[in-house]
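Chemist: Each protein sequence line maps, in turn, to chains A and B. To convert a position in the first sequence, counted from 1, into my numbering, add 186. To convert a position in the second sequence, counted from 1, into my numbering, add 90.
Do not take every clue at face value.
What the hints assert, rightly or not - Once the Cα atoms are required to be at most 25 Å apart in a straight line, the calculated SDA-like pairs of lysine to any residue come out as:
{"no.": "1", "chain 1": "B", "residue 1": "K443", "chain 2": "B", "residue 2": "G476"}
{"no.": "2", "chain 1": "B", "residue 1": "K473", "chain 2": "A", "residue 2": "M243"}
{"no.": "3", "chain 1": "B", "residue 1": "K292", "chain 2": "B", "residue 2": "D307"}
{"no.": "4", "chain 1": "B", "residue 1": "K400", "chain 2": "A", "residue 2": "R442"}
{"no.": "5", "chain 1": "B", "residue 1": "K452", "chain 2": "A", "residue 2": "A330"}
As the list claims (entries may be wrong) - Pairwise CB distance ranges (calculated):
{"no.": "6", "chain 1": "B", "residue 1": "P491", "chain 2": "A", "residue 2": "C224", "range": "41 to 47 Å"}
{"no.": "7", "chain 1": "B", "residue 1": "F494", "chain 2": "A", "residue 2": "P234", "range": "31 to 37 Å"}
{"no.": "8", "chain 1": "B", "residue 1": "T458", "chain 2": "A", "residue 2": "L222", "range": "33 to 39 Å"}
{"no.": "9", "chain 1": "B", "residue 1": "N282", "chain 2": "A", "residue 2": "V439", "range": "33 to 39 Å"}
{"no.": "10", "chain 1": "B", "residue 1": "K443", "chain 2": "A", "residue 2": "P249", "range": "37 to 43 Å"}
Said to hold, decoys possible - If you want the ones that stay clear, here's a sample from chain B, every Cβ over 12 Å from chain A, calculated:
{"no.": "11", "residue": "N220"}
{"no.": "12", "residue": "K221"}
{"no.": "13", "residue": "T255"}
{"no.": "14", "residue": "D307"}
{"no.": "15", "residue": "K322"}
{"no.": "16", "residue": "P323"}
{"no.": "17", "residue": "D350"}
{"no.": "18", "residue": "T362"}
{"no.": "19", "residue": "A372"}
{"no.": "20", "residue": "G408"}
{"no.": "21", "residue": "A440"}
{"no.": "22", "residue": "G446"}
{"no.": "23", "residue": "V484"}
{"no.": "24", "residue": "T544"}
Since the hints were derived computationally from the structure, they do not count as laboratory data. These figures come from a predicted structure and were not determined experimentally. A virtual CB, placed ideally from N, CA and C, is assigned to each residue, including glycine.
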Amino acid sequence: MATLELDLAEEAVSAPVRKGRRFGMLFWAAIGWIVLVCALAIFAGVLPIPDPTAMDMLERRAPYSWEHWLGTDGLGRDEVSRLIYGARISLVVGLCAPMIGLTVGGALGMLAGYFRGRFETLTVGGTDVLLAFPPLILVLAIIAFLGQSIFNLTCILGVLGIPAFMRVARATTLTLSRREFVIAAQALGASHSRILLRELLPNVILPLFAFFLLGVAVTIVVEGSLSFLGLGVPPPISSWGSMIGEGRESLEVAPRLAFLPAVAMFLTVLAFNLVGDTLRAITDPRQGAL
Amino acid sequence: MKAAIRSRVLARIFLVTAFGVALSAAPASAQKSGGTITVGLELDIPGFDPLKVGVYDTAALTASSAIFDTLTTLDANGKAQPKLAVSWQHSEDFKTWTFKLRPGVKFHDGTPFNAAAYKENFDRQKDPANKCRCAFYISAVKSVEAPDELTVVYDLADPSVNYPTLVSYANQNAAMHSPTAWKAKGDDYNRNPVGTGPYILKSWTAGDRMILEKNPDYWDKDKVFLDRIILKPLPDAQSRFASLQSGEADLIWEDEYAADSIQKAQKDPKLTVHNYIGSGAAVYAFNTKTPPFDDVRVRQALVMAIDRKKMSMAITNGLSRPTTNPYGDGSWVKCKDDGALPNDIEKAKALIKEYGKPVEFKMLVTATPRGRNVGQVLQQFWKNVGANMEIEQVEQATIPPRAFMRQFQLTPWRIVDLADPDPQMYANFKTGSPVALANYSNPELDALLDKARTTAETEKRIDLYCEISRLINKEAIWFWTFQNTYYAISTAKIKGLPKMYSGVIDVSRVWKE
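Please model the entire structure based on the sequences and the hints provided.
Modeler: Right, here's the structure in full:
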């Protein structure tokens, strides 16, 4: 298993100064934004911000003020705290759903790529079926049937993510399983589980993780679209998508109500994409030492 | 100073009278024939066959009032005036109403409109074999007879002192269809309606537009001015208003939830805002058979927690007009004391505390922006007094079935604008009625309802209906938030739009300057 990791370590050791330049300013800015959003979301409960559902009905769509930094929304709720609590929803759904895809899809993909045969045919066929559905429409139907909750939303989006993760894991495993370190392990009499866990997993997990970050970005957008359509998390919980949807109704009077959450979502998705892309570029097994 | 004010007031009165004279003098000369009107409606029309669609919504009503005629029509004072019927009389006990029909009226397909056709329309809806959802609304009518060519006799199960006002607009029951046409066309009739009205359906592309052409043989054609009516479904409020501003539409349907557009239009001299303050209200029913609503203290506390003025500010910029009874300003029932519970948060908290157990429940709301807004505002009011409401979003169409099956704890409902309160009050509160959503039974209330529908003198009926309101408010089985107000916005060129009774935008007799 050591080859790839050694290569990486060698590069890191040989060029510690270049590292910052290699990732670039954008990468660090993206990391910074993600950390900021995560921190705000995690500590939303203890931050000195108003309750996101408390309404000041006579102060609806109030402009920026000391009391309400970004003003209030269409029902007189503080925009800042709704944005921060909205980040919670976006991140919880955005991180947990691809996690399901990563775990299930990753495991299926590795098994399919390693064992091949009928199991592979079945798995690939099954995921092809799942991919053939138009995802958003499928989600709409299931949500309408099961009811709206964060849990349902996360599960459905997670299951829909499985095929993509499966494909990435399988493709990587296919190339790796014929590599010399795997053959060596086999020759030494290692069991299948040992080969899968100790030899293959550490090499597959990096491209999967890079793909996971892209998955986070996509999921945040999908959750936003569902909430925009009113099928995301149930009110009064705020989510960026539902905030855009609500803001759209007063687009002429207070455009910021739609634009602020849109900007927040845009920056977060962009940040996850940037980080994911950068990580993918450096963990791409094709560039690994052959 | 005082004199100045007085003279200003006087001047204003003169101005108003001058305008009044000008207005009453103007129509004769100003009514202009010809032209096309494009109307932007909220919904796509599902069709016109009562057996297929069950109920006409506001969009369908705009079309049906141009294609169909009804027995009567309401004048500006809410009194029934002749349309297809030329006169009517009632029996002593108000259980039999006899209508004399207008002679010589023909359907668009050339067949004559007569008492037999009227009876066929009625029987088709009433026939249990047809399973028409529309039959519910005529359940109070036992039968319709046609003793001769031009006489229709209504036999009612219960007395109705105001029956002619109930057949005054082209809803699913009152619109007169051509029996020949529905028999000949079968399933296609739904989208190819044939009536006696001032306009004939020319073409109809689902989801895009419906084109109506003037009926050249209309019995009252001197009062019909436009050559053509185009109806378009424009579901999005923002784009509907934009198409009015751009001149793509001449008149659009609105409701008070589009408060921004309405207030903007009020300031725009090129646009006219039409509104009609109807009777009835937006109401909510507690299911008193499910806890925590089996306890009157909880129901009272929740009603006391609602600040209607604030709510109106929050959801419609203050356009919604609060009400504490189901009748509203547009009704002739006006109560000195409707028994409204006060908006008292402390009292509400105390009542919930007295109840002892945690108050948690689910409320149905429509999965629309306005439904979500109303739901969240109520949620906030109830949170303030220590009650926890969970919003359950459902499609608009699933609310009636769930309400009828009592699968709810708290559901929104509406008392629509009818000329007489009896049909709805009786259906909504009489023990055992399918629409008595509260599952509540009270002999005192039943007795009052029975008495109110059989009393002829208006003064006495008003007293009875006020007593009913006091009783319901005290028991808090339903509560009312806002009166029905109907809106339409048009360009200033559109004239002659009649009052929007029941929210119907009837463009069949407007003209364009």
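Chemist: Quick one: work out the minimum CB distance from B/K322 to chain A and report holds if it exceeds 12 Å, violated otherwise.
Modeler: For B/K322, whose nearest Cβ neighbour in chain A is about 21 Å away, the distance exceeds 12 Å, so it holds.
Chemist: Please confirm whether B/D350 is truly not at the interface, meaning its C-beta sits more than 12 Å away from all C-beta atoms of chain A.
Modeler: Non-interface label fails for B/D350: nearest chain A Cβ at 5 Å, not farther than 12 Å.
Chemist: Verify this label for me: B/V484 is non-interface relative to chain A, using a Cβ-Cβ cutoff of 12 Å.
Modeler: violated (9 Å)
Chemist: Over 12 Å to the closest beta carbon of chain A is the bar; see if B/P323 clears it.
Modeler: holds (19 Å)
Chemist: Hey, B/K473 versus A/M243, does the alpha-carbon distance stay inside 25 Å?
Modeler: holds (14 Å)
Chemist: If I claimed the Cβ atoms of B/N282 and A/V439 lie 33 to 39 Å apart, would that claim hold in this structure?
Modeler: 43 Å Cβ-Cβ, so the 33 to 39 Å window is violated.
Chemist: Just checking, B/G408 versus chain A, shortest CB gap more than 12 Å?
Modeler: violated (10 Å)
Chemist: Looking only at beta-carbon atoms, does the pair B/F494, A/P234 fall within the given range of 31 to 37 Å?
Modeler: Given range 31 to 37 Å: violated, Cβ gap about 49 Å.
Chemist: What's the verdict on B/K292 and B/D307, does the C-alpha distance respect the 25 Å limit or exceed it?
Modeler: Holds, because 15 Å separates the two Cα atoms, which is no more than 25 Å.
Chemist: Test the statement that B/T255 is away from the interface with chain A: the closest C-beta pair must be farther apart than 12 Å.
Modeler: holds (37 Å)
Chemist: Measure nothing beyond the straight line between the CA atoms of B/K452 and A/A330; if it is 25 Å or shorter, mark the hint as holding.
Modeler: Measuring from Cα to Cα gives roughly 17 Å; hence the hint holds.
Chemist: Using Cβ atoms and 12 Å as the threshold, tell me whether B/D307 really stays out of contact range of chain A.
Modeler: Correct as stated: the minimum Cβ-Cβ distance to chain A is 46 Å, above 12 Å.
Consistency note: the structure conflicts with the earlier hints numbered 7, 9, 17, 20, 23.
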